[in-house]
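Novice: So you can see what is in the structure, the chains are spelled out below.
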Amino acid sequence: MAHEDHGAIYDLLAARGVSRRDFLKYCGSIAALLGLSESFVPQIAAAVNHGAKLKPAVWLNGGACTGCTESIAQVDTPDVATIVLDLLSIDFMETLSMAMGEDALAAAEAVFEEPGYILIYEGSVMQGFDGNALRIGGKTGLEELDHAAPNAAAIVAVGSCAVDGGFVMANPNPADATGVKPYLEGKGITTPVVNLPTCPVNPEWLVAIVVDVLLLGSLESGAILDKLDDWGRPKYIFGQTIHDNCPRRGHFENGNFVNEFGTEEEALGYCLYKVGCKGPQTYTNCPIVRWNRRTSWCVESGAPCIGCGSLDWVDVGAPFLNRHRDLPLPGVGNTQPGVVAGVVAGVAALGLGLHAVGMKASGRMDGGAPYEEMKAHDRKRMQKGGGK
Amino acid sequence: MSHPAHYREAHPLIFVCTHWINLISMVALAFSGFYIHYPFFANFMGVARGMHFFFMYVILINLFVRIVAAFFVKSATRLGTHEVETDIKNWLPQKLNRHQLGAWLKYYLFLKKDHPIGAKYGVLQKIAYIVTIPLTLAAAYTGFAIYAPFMDAAFFAAGTDWVGGQMNMRIIHYYIMWVFILFTAIHAYLANVEGVAPSRLIFAWKEEEGLRFDADGKVIGGSGH
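Residue numbers (the numbering used here), protein chains in the order written: chain A, -16 to 371; chain B, 84 to 308.
Chain A on its own, in the form it takes in the complex (with noise of 0.2 Å):
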């Protein structure tokens, strides 16, 4: 059985204090995630176990907040998911790595001189300021993306901004931000771009993607562009909605619902739908995978979804605690559609009453004016024609 040898994994298992138990229940969950049944549960411990040397990797921050990056390095008590993570060899990443300056630039161009690396994205590609909104060593990062993206294997786009530019793109987005995908089909790179949108990524989800795309290898067999989504999203994850899988989602179909926060029904974990939960509309698999070691997530917490995983997501959303989008109207300014709707339905009211008012007037009110004797078309047809 695969999942008898006992190679490197265990003993960097042991050194961490995560037992052989704690780590096929990990696989496990893996394996829920990745829609593969129990019985993968030692093909992935194997894989993991026997997958000490792996492609090496390089992670470029683009326009963001590094909060990807902060999402992922979340090491203050190491797990397996942090063991499996170490198994990318990521020989670039200019927040966590050792080296600097130009010994750091040199290991990610040594990197990219061998075709096959895996290329982690976070952040938004700026293409304002002729990419000048970004420099990295004394390149735009427009250039460094344009380097490194050919002669990868694959690219990660962690977080929504590298999946569609993110918060960084929303109006009135002036770096002129996009996702990695977008930016690179433009140019006609055609490098495979695996999108894992989300404000910021869950380190759950590039664990499954690594060994998904690493371990058991459907990025060599092509498997995993079958299970991509129109947006490069891996269905596994992005198939359904919050609102699917919510744990609220009882308090919901009851009509339950928090009408304002620092109530009672806030208390009693009721549904956040009123106050602009968007989980209606926002295909993760959060309630199910959770986030900090699955500890909890958002609507759990008690925060409505406000849509992280969609894409556009800020101007969509926001305000977060609405139900509706704010609607920028032109010389008027951000405004709700339900206003909009009041205003005109508002108008249209007071142009019956004033009509009404014009009927009465008139005298039509009680069966009509008197009809005509002849349409006015014909009888000016009749005049010209000489009264025939």
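Heads up, some of the hints might be wrong.
[Unchecked claim] Over 10 Å on every C-beta distance to chain B, these chain A residues come out as not near it, computed from the model: (1) D5; (2) A15; (3) A29; (4) G114; (5) N154; (6) P157; (7) P175; (8) N239; (9) V272; (10) E356; (11) Q366.
[What the hints assert, rightly or not] Computed footprint of chain B on chain A; a stretch qualifies when at least three of its residues, placed anywhere within it, have a C-beta under 8 Å from a C-beta of chain B: (12) 222 to 235; (13) 253 to 265; (14) 286 to 296; (15) 304 to 310; (16) 335 to 347.
[As the list claims (entries may be wrong)] Straight-line C-alpha distance at most 25 Å; calculated SDA-like pairs for lysine to any residue: (17) A/K343 x B/E277; (18) B/K209 x B/V167; (19) B/K178 x A/K218; (20) A/K363 x B/K189; (21) A/K8 x A/S72; (22) A/K218 x B/V167; (23) A/K358 x B/A236; (24) B/K196 x A/E355.
Read the hints as simulated data drawn from the structure, not as lab findings.
The model shown is predicted, which means the values in this text are computed figures rather than measured ones.
Glycine included, each C-beta is placed from N, C-alpha and C at the ideal position.
Position chain B relative to chain A; hints supplied.
Specialist: Using the frame of chain A, we list chain B on its own:
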């Protein structure tokens, strides 16, 4: 003064029924839709969604029945007559309405004193009624596009991508309902402002005597009250 006679031939019983079904469905859909958008009282979400998902099929089936019936049922093509023709003639261009768009606009804007000659449905009226068909279908499309069992189907997902996501689709769906509300307000106003005979006929199937017209729209008798 000059109200046309309203005979049952203008609205055969089947159309009295489809009109009732439309009204009930639209009220139920608008109410439950508003509730689903923003639940303004507690403990009703399950019922509201059930209402919405039931009546959306009722109104679609009703629309289908109404359109099919137009080809098989005979109805009057003008007011003040017992003569009938296939109902679809009411929905195609009619001789009585030709060249009358301007006259109707002027009449409504008080720029014309006498009542324009017209078919059962005047120019603007007919356009407004016909527009409710694509509007209903648009409401159905945008509704299915934000309804979990259907929203991932390629036919709806493609539209959702095109409008920029489900939030935008929801707002379009919301505004279509407002268009229906405005339509209904104007429809009810114009139908009844010169007398409630149209309502008595379409709701209670009760006739009312009035002016009678020949095929050229000429008054040939009767009294307008």
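Novice: For B/K209 and B/V167, compute the direct alpha-carbon distance and say whether it is at most 25 Å.
Specialist: The given pair, whose Cα atoms are some 18 Å apart, holds under the 25 Å limit.
Novice: Three residues minimum, CB to CB under 8 Å: does the region 222 to 235 of chain A make the cut for coverage by chain B? Let me know.
Specialist: holds (count 4)
Novice: Below or equal to 25 Å on CA atoms is what counts here, so check A/K8 against A/S72.
Specialist: It holds: about 24 Å lies between the C-alpha atoms, which stays within 25 Å.
Novice: Given the hinted pair A/K363 and B/K189, is their Cα-Cα distance within 25 Å?
Specialist: 16 Å, holds
Novice: Between B/K196 and A/E355, is the straight-line Cα distance small enough, at 25 Å or below?
Specialist: Between B/K196 and A/E355 the Cα gap is close to 9 Å, so the pair holds against 25 Å.
Novice: If I take the minimum Cβ distance from A/Q366 to any residue of chain B, is it greater than 10 Å?
Specialist: 15 Å, holds
Novice: Quick check for students: does the CB of A/E356 sit more than 10 Å from each CB in chain B?
Specialist: Answer for A/E356: violated, closest chain B Cβ roughly 8 Å.
Novice: Would you say the region 304 to 310 of chain A counts as covered by chain B, given the rule of at least 3 residues with C-beta under 8 Å?
Specialist: holds (count 4)
Novice: Once the closest CB in chain B is found, is it more than 10 Å from A/V272?
Specialist: Holds, since 20 Å exceeds 10 Å.
Novice: Do the alpha carbons of A/K343 and B/E277 lie within 25 Å of each other, as the hint requires?
Specialist: 9 Å, holds
Novice: Would you check the hint for A/K218 and B/V167, treating anything up to 25 Å between C-alpha atoms as holding?
Specialist: Violated. A/K218 to B/V167 sits at ~58 Å, over the 25 Å cutoff.
Novice: Could you check that no beta carbon of chain B comes within 10 Å of the beta carbon of A/N239?
Specialist: Non-interface label on A/N239 violated, nearest chain B Cβ at 6 Å vs cutoff 10 Å.
The structure does not agree with the numbered hints 8, 10, 19, 22, 23 stated previously, though it agrees with the rest.
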